[in-house]
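K.L.:
Assemble the whole structure, with the sequences as input and the hints as a guide.
4 protein chains.
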Amino acid sequence: METKTFSENPPAAAGSLKERQRQERVELILEAAEEVMAEKGYYEMSMDEIAARVGIAKGTIYLHFPGKEDLFIALFKRGLTSFLSGIARIASQPLSATERLKLILMQAYDEHRKKQSQVFMAVFSGGNMRKETVLKQLQMREYLKELASYISKILEDGKATGEFDGSIQTSVMLTAFLSLLNRPHYEEMLGEASFSAEELADQVGRVYLHGISGK
Amino acid sequence: METKTFSENPPAAAGSLKERQRQERVELILEAAEEVMAEKGYYEMSMDEIAARVGIAKGTIYLHFPGKEDLFIALFKRGLTSFLSGIARIASQPLSATERLKLILMQAYDEHRKKQSQVFMAVFSGGNMRKETVLKQLQMREYLKELASYISKILEDGKATGEFDGSIQTSVMLTAFLSLLNRPHYEEMLGEASFSAEELADQVGRVYLHGISGK
Amino acid sequence: METKTFSENPPAAAGSLKERQRQERVELILEAAEEVMAEKGYYEMSMDEIAARVGIAKGTIYLHFPGKEDLFIALFKRGLTSFLSGIARIASQPLSATERLKLILMQAYDEHRKKQSQVFMAVFSGGNMRKETVLKQLQMREYLKELASYISKILEDGKATGEFDGSIQTSVMLTAFLSLLNRPHYEEMLGEASFSAEELADQVGRVYLHGISGK
Amino acid sequence: METKTFSENPPAAAGSLKERQRQERVELILEAAEEVMAEKGYYEMSMDEIAARVGIAKGTIYLHFPGKEDLFIALFKRGLTSFLSGIARIASQPLSATERLKLILMQAYDEHRKKQSQVFMAVFSGGNMRKETVLKQLQMREYLKELASYISKILEDGKATGEFDGSIQTSVMLTAFLSLLNRPHYEEMLGEASFSAEELADQVGRVYLHGISGK
DNA sequence: GATGAATGAGCATTCATTCAT
DNA sequence: CATGAATGAATGCTCATTCAT
Chain A
1 METKTFSENP
11 PAAAGSLKER
21 QRQERVELIL
31 EAAEEVMAEK
41 GYYEMSMDEI
51 AARVGIAKGT
61 IYLHFPGKED
71 LFIALFKRGL
81 TSFLSGIARI
91 ASQPLSATER
101 LKLILMQAYD
111 EHRKKQSQVF
121 MAVFSGGNMR
131 KETVLKQLQM
141 REYLKELASY
151 ISKILEDGKA
161 TGEFDGSIQT
171 SVMLTAFLSL
181 LNRPHYEEML
191 GEASFSAEEL
201 ADQVGRVYLH
211 GISGK
Chain B
1 METKTFSENP
11 PAAAGSLKER
21 QRQERVELIL
31 EAAEEVMAEK
41 GYYEMSMDEI
51 AARVGIAKGT
61 IYLHFPGKED
71 LFIALFKRGL
81 TSFLSGIARI
91 ASQPLSATER
101 LKLILMQAYD
111 EHRKKQSQVF
121 MAVFSGGNMR
131 KETVLKQLQM
141 REYLKELASY
151 ISKILEDGKA
161 TGEFDGSIQT
171 SVMLTAFLSL
181 LNRPHYEEML
191 GEASFSAEEL
201 ADQVGRVYLH
211 GISGK
Chain C
1 METKTFSENP
11 PAAAGSLKER
21 QRQERVELIL
31 EAAEEVMAEK
41 GYYEMSMDEI
51 AARVGIAKGT
61 IYLHFPGKED
71 LFIALFKRGL
81 TSFLSGIARI
91 ASQPLSATER
101 LKLILMQAYD
111 EHRKKQSQVF
121 MAVFSGGNMR
131 KETVLKQLQM
141 REYLKELASY
151 ISKILEDGKA
161 TGEFDGSIQT
171 SVMLTAFLSL
181 LNRPHYEEML
191 GEASFSAEEL
201 ADQVGRVYLH
211 GISGK
Chain D
1 METKTFSENP
11 PAAAGSLKER
21 QRQERVELIL
31 EAAEEVMAEK
41 GYYEMSMDEI
51 AARVGIAKGT
61 IYLHFPGKED
71 LFIALFKRGL
81 TSFLSGIARI
91 ASQPLSATER
101 LKLILMQAYD
111 EHRKKQSQVF
121 MAVFSGGNMR
131 KETVLKQLQM
141 REYLKELASY
151 ISKILEDGKA
161 TGEFDGSIQT
171 SVMLTAFLSL
181 LNRPHYEEML
191 GEASFSAEEL
201 ADQVGRVYLH
211 GISGK
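Protein chains in written order, with this note's numbering: chain A, 1 to 215; chain B, 1 to 215; chain C, 1 to 215; chain D, 1 to 215.
Mixed in with the good hints, there may be bad ones.
Said to hold, decoys possible - Beta-carbon label-pair distances, calculated as ranges:
hint, chain 1, residue 1, chain 2, residue 2, range
1, C, Lys-145, D, Gly-214, 24 to 34 angstroms
2, C, Lys-115, D, Gln-169, 20 to 30 angstroms
3, A, Glu-199, B, Glu-99, 22 to 32 angstroms
4, D, Lys-58, B, Lys-58, 39 to 49 angstroms
5, B, Ala-52, D, Glu-39, 29 to 39 angstroms
6, D, Gln-23, C, Asp-48, 38 to 48 angstroms
7, D, Ser-46, C, Lys-115, 27 to 37 angstroms
8, A, Thr-161, B, Ala-88, 27 to 37 angstroms
9, B, Gln-21, C, Ser-194, 46 to 56 angstroms
10, A, Lys-18, B, Glu-198, 54 to 64 angstroms
11, B, Pro-94, A, Thr-161, 18 to 28 angstroms
To be verified - The calculated lysine to aspartate or glutamate pairs, modelled on EDC-like cross-linking and capped at a C-alpha distance of 20 angstroms, are:
hint, chain 1, residue 1, chain 2, residue 2
12, A, Lys-40, B, Glu-69
13, D, Lys-58, A, Asp-48
14, B, Lys-77, B, Glu-35
15, B, Lys-68, A, Glu-44
16, A, Lys-68, B, Glu-44
17, A, Lys-40, A, Glu-19
18, B, Lys-58, C, Asp-48
19, D, Lys-68, C, Glu-44
20, D, Lys-115, D, Glu-99
21, C, Lys-68, D, Glu-142
22, D, Lys-153, D, Glu-163
23, D, Lys-40, C, Glu-44
24, B, Lys-40, A, Asp-70
25, D, Lys-40, C, Asp-70
26, C, Lys-40, D, Glu-69
27, A, Lys-115, A, Glu-35
28, B, Lys-68, B, Glu-24
To be verified - To be clear about the criterion: a stretch of chain D counts as covered by chain C if any three or more of its residues have a C-beta under 8 angstroms from a C-beta of chain C, and this derived list gives those stretches:
hint, segment
29, 21 to 28
30, 49 to 58
31, 205 to 211
For the record, the hints were derived by calculation from the structure and aren't laboratory data.
From the three backbone atoms N, C-alpha and C, an ideal C-beta is built for every residue, glycine too.
P.N.:
So, in structure tokens, the structure goes:
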């Protein structure tokens with residue numbers, strides 16, 4: 001897809017050399033921003049520090065992003081997109097709905113993607129940014145809806161096959177699932193031992209699927 | 001001689017007039033701060049705006065709180081304490097563990113307490129503040145542990161009576177429960193219709209207790 | 001002397017009870033202010049701290065002094081007056097000009113009066129306060145002139161008796177003498193051992209009187 | 001190819017264009033600060049006013065100095081260094097100790113250097129700043145000691161040649177000399193006519209060297 | 001008279017954003 | 001294009017002064 005129609009610059013067709021370099025730059029910036037964001041959160045992420053980590057001048061960031069908020073939005077989209085692509089892959093696998101949900105949990109808890117998740121989970125869990133900032137960006141909604149629809153689809157699938165309880169509203173199931181996705185950090189606050197991604201996914205999966213009730 | 005009665009020193013229970021007024025002021029400030037905090041989050045909550053909303057001078061806030069962080073801490077404690085008192089009441093009722101959890105969910109989703117919850121939920125969900133700020137305050141940990149212990153107690157009770165599945169770790173149950181407590185705002189993001197507190201509590205409660213699986 | 005014509009208050013002739021108490025208050029405030037001033041200097045001397053040290057309310061200070069500057073002025077006058085009375089006593093003694101100067105030096109270096117001296121020496125050595133603050137107060141000039149005149153008188157006396165060199169202008173002698181009066185604190189900066197008041201007065205006196213030249 | 005010449009790194013001797021401009025800016029700021037400092041003292045020297053006088057934005061100052069204190073320290077060092085360089089030149093001249101002291105006095109009284117002297121004299125005369133501020137900066141001590149050592153050296157020289165009285169402690173001589181260095185402003189307070197630097201140096205020199213005693 | 005809570009102007013400092021080079 | 005010096009609005013905080021009680 002990605003039919004970019006931006007190449008109107010005089011010099012050339014913005015071939016692939018320049019463009020590739022440009023994309024690289026953007027990528028580096030996002031990576032650094034992600035790092036800082038994960039370490040310090042939105043408000044303590046300074047453009048200076050990002051630039052410094054990339055090794056470019058502060059002004060250069062503004063060549064690629066109109067402002068700090070926009071950089072964050074990009075970060076968010078990137079994280080979500082990456083997450084989504086994983087979800088999409090999982091969603092399309094010929095597995096039971098149950099299996100697919102478990103895989104998604106595992107992906108969410110995966111340390112590897114942690115930083116990226118952190119960025120958009122931060123938005124989910126609220127309080128982290130001016131809400132307008134985030135919501136004003138309509139595209140974000142679209143991405144979120146896409147995420148929601150993938151999961152809803154799985155939930156509906158499950159209902160159809162009888163795997164899941166048809167009497168519970170899908171939106172509630174979805175909501176609860178999303179809540180559980182955000183790898184909890186109460187652990188650290190409460191001083192509990194951390195679980196591995198697998199363990200956590202397994203146990204949380206059991207709660208989500210079968211509840212905490214004894215039979 | 002010096003037959004001092006019990007209320008002559010200014011700092012402590014200084015009669016009731018001054019002290020009452022003082023408490024009122026503090027309350028007003030906290031209320032305004034809570035509002036701003038809920039609207040904009042910690043970093044965009046400015047002392048100026050709080051003062052303006054209360055209708056007092058900026059300096060007055062500093063008569064009651066040493067600084068912005070302390071004001072936040074107070075806010076946090078206030079929210080958590082209020083929440084905790086509800087939890088404590090519920091926890092002590094002669095109800096089944098299951099019933100008690102449901103009541104707690106209802107309390108958490110109650111619109112009335114929403115803003116207060118938001119403040120300390122914000123801390124839960126992280127990213128909102130410099131972690132040091134929050135964690136340096138040891139009492140906070142204590143309060144959080146108290147919350148955790150109330151809920152853990154109920155969970156253990158349930159396990160003992162056979163209501164809950166003894167093969168799932170209490171810490172996981174707890175973690176999942178806390179995650180679900182935070183009234184989800186994906187709703188608004190996803191444009192879904194909101195549920196009432198009762199409905200939400202009921203449905204989420206079902207998921208938490210019995211899972212989403214069909215029988 | 002002190003023929004105060006301020007007693008026009010309705011209640012009474014502002015007898016001596018009220019007035020005495022009033023003077024006591026003023027004295028206590030000045031004492032505390034002097035202390036703080038000596039410890040922290042003008043700008044870090046806060047009305048709050050002074051009030052706290054006296055054990056009165058901040059507002060009460062304003063019943064006796066129109067403002068911080070005025071309090072300082074009073075402090076200055078008090079120190080200078082006290083110093084002056086010493087000078088006056090010394091000046092009037094039937095001693096040689098030389099002896100009298102030595103006594104003045106000793107008084108200046110006397111640890112006992114240190115705090116009081118510090119206050120007005122601070123003005124001398126400049127930089128400590130907005131110059132206008134000090135100079136706007138014309139009376140200060142008068143007091144300073146009085147100090148200058150006492151010393152000039154001694155210097156002239158000395159010239160008359162041949163004790164002092166008539167070819168050096170009195171104003172220079174005066175200026176140099178005043179400079180030497182301010183007990184130096186380079187000592188502490190330079191890490192030198194401090195002298196006692198006597199030693200210092202003696203040695204500085206020798207320099208001032210006979211110069212550092214070998215004969 | 002990258003035929004880098006010897007001056008490509010920004011931080012260090014970055015060529016001469018940028019660096020020169022930078023030094024100019026720093027110089028302008030220091031000059032303005034010096035002015036304000038001389039007029040109002042440390043506490044009433046506001047960053048705003050300095051910026052305004054230079055004609056730059058407030059933030060720009062912080063590009064060159066980490067904070068107000070540091071700006072002051074720089075000011076102090078600058079004044080003292082400048083003064084010291086003069087002293088060093090004088091001290092090394094093949095003149096009698098007496099002559100050298102006179103030259104130093106002249107330099108100190110020179111109107112031209114007045115403002116610069118004022119800054120570090122302000123530190124000398126104390127009261128002007130939180131003592132910690134100044135003394136915490138160890139280098140300051142070093143500079144002061146260097147000044148003291150230059151003068152002590154001259155004094156010792158004089159004693160060795162018999163010019164000066166060997167029975168007076170060098171530290172006292174030094175202390176007295178430093179006191180006299182601070183061009184007295186009692187003049188202005190006392191309304192006396194000011195002397196020219198030469199006259200003043202000459203007369204004060206006579207006092208310092210030979211004392212005020214008539215033979 | 002006292003009090004001390006309230007005021008609000010003033011200040012140092014930060015940082016996203018701009019723009020001349 | 002890239003740079004990074006410059007900007008200036010915004011913010012937390014202090015403290016002399018006022019005034020209702």
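K.L.:
Give a verdict on every hint.
P.N.:
To see whether the hints hold, each was checked on the structure:
Under the hint 24 to 34 angstroms, the C-beta atoms of Lys-145/C and Gly-214/D, about 26 angstroms apart, fit the expected range. The hinted range of 20 to 30 angstroms is satisfied by Lys-115/C and Gln-169/D, whose Cβ atoms lie roughly 27 angstroms apart. Under the hint 22 to 32 angstroms, the C-beta atoms of Glu-199/A and Glu-99/B, about 30 angstroms apart, fit the expected range. A C-beta distance of roughly 21 angstroms is found between Lys-58/D and Lys-58/B, which places it outside the suggested range of 39 to 49 angstroms.
Between Ala-52/B and Glu-39/D the CB atoms are about 36 angstroms apart, so this pair conforms to the stated range of 29 to 39 angstroms. Taken as a hint, the range 38 to 48 angstroms holds for the pair Gln-23/D and Asp-48/C, whose Cβ atoms sit roughly 44 angstroms apart. Restraint check, Ser-46/D to Lys-115/C: a C-beta distance of roughly 30 angstroms satisfies the suggested window 27 to 37 angstroms. Between Thr-161/A and Ala-88/B the beta carbons are some 43 angstroms apart, a value that contradicts the proposed interval 27 to 37 angstroms.
The hint said 46 to 56 angstroms for the Cβ distance between Gln-21/B and Ser-194/C, and at roughly 54 angstroms that hint holds. Under the hint 54 to 64 angstroms, the C-beta atoms of Lys-18/A and Glu-198/B, about 59 angstroms apart, fit the expected range. Take Pro-94/B and Thr-161/A: their Cβ atoms lie about 41 angstroms apart, and the range 18 to 28 angstroms is violated. Between Lys-40/A and Glu-69/B the alpha-carbon distance is near 17 angstroms, which keeps this suggested pair within the 20 angstroms criterion.
Taking the CA atoms of Lys-58/D and Asp-48/A, the gap is near 19 angstroms; set against the 20 angstroms cutoff, the hint holds. Restraint check for Lys-77/B and Glu-35/B: the C-alpha separation of about 15 angstroms stays at or below 20 angstroms, so the hint holds. Between the alpha carbons of Lys-68/B and Glu-44/A the distance comes to roughly 16 angstroms, so the proposed pair stays at or under 20 angstroms and holds. Pair hint Lys-68/A plus Glu-44/B holds up; C-alpha atoms about 15 angstroms apart against a cutoff of 20 angstroms.
The straight-line distance between the Cα atoms of Lys-40/A and Glu-19/A is roughly 31 angstroms, outside the 20 angstroms bound, and the hint therefore fails. Between Lys-58/B and Asp-48/C the alpha-carbon distance is near 19 angstroms, which keeps this suggested pair within the 20 angstroms criterion. In summary, the hint linking Lys-68/D to Glu-44/C is supported, as the alpha carbons are separated by about 16 angstroms, within the 20 angstroms threshold. A threshold of 20 angstroms between alpha carbons decides the hint, and for Lys-115/D with Glu-99/D the separation of about 25 angstroms lies outside it, so the pair is violated.
Proximity of Lys-68/C to Glu-142/D is assessed by CA-CA distance (about 37 angstroms); at most 20 angstroms being required, the pair is judged violated. Distance check on the hinted pair: Lys-153/D and Glu-163/D sit about 13 angstroms apart at the alpha-carbon level, within 20 angstroms; holds. A threshold of 20 angstroms between alpha carbons decides the hint, and for Lys-40/D with Glu-44/C the separation of about 16 angstroms falls inside it, so the pair holds. Straight-line distance between C-alpha atoms of Lys-40/B and Asp-70/A comes to about 18 angstroms, which keeps the hinted pair within the 20 angstroms bound.
About 18 angstroms separates the Cα atoms of Lys-40/D and Asp-70/C, which keeps this hinted pair within 20 angstroms; it holds. Using a Cα cut-off of 20 angstroms, the hinted pair Lys-40/C and Glu-69/D holds, with the two alpha carbons roughly 17 angstroms apart. About 7 angstroms separates the Cα atoms of Lys-115/A and Glu-35/A, which keeps this hinted pair within 20 angstroms; it holds. Simply put, Lys-68/B and Glu-24/B have alpha-carbon atoms about 19 angstroms apart, close enough for the 20 angstroms limit, and the pair holds.
Only residues whose beta carbon comes within less than 8 angstroms of a beta carbon in chain C count, and the segment 21 to 28 of chain D has 0; fewer than three means the coverage is violated. For the segment 49 to 58 of chain D, the stated coverage by chain C is not satisfied: 0 residues place a CB nearer than 8 angstroms to a CB of that chain, which falls below the threshold of 3. Only when three residues or more bring their CB closer than 8 angstroms to a CB of chain C does the claim for the segment 205 to 211 of chain D stand; here the count is 6, and the claim holds.
This entry does not satisfy hints 4, 8, 11, 17, 20, 21, 29 and 30, going by the numbered hints stated previously.
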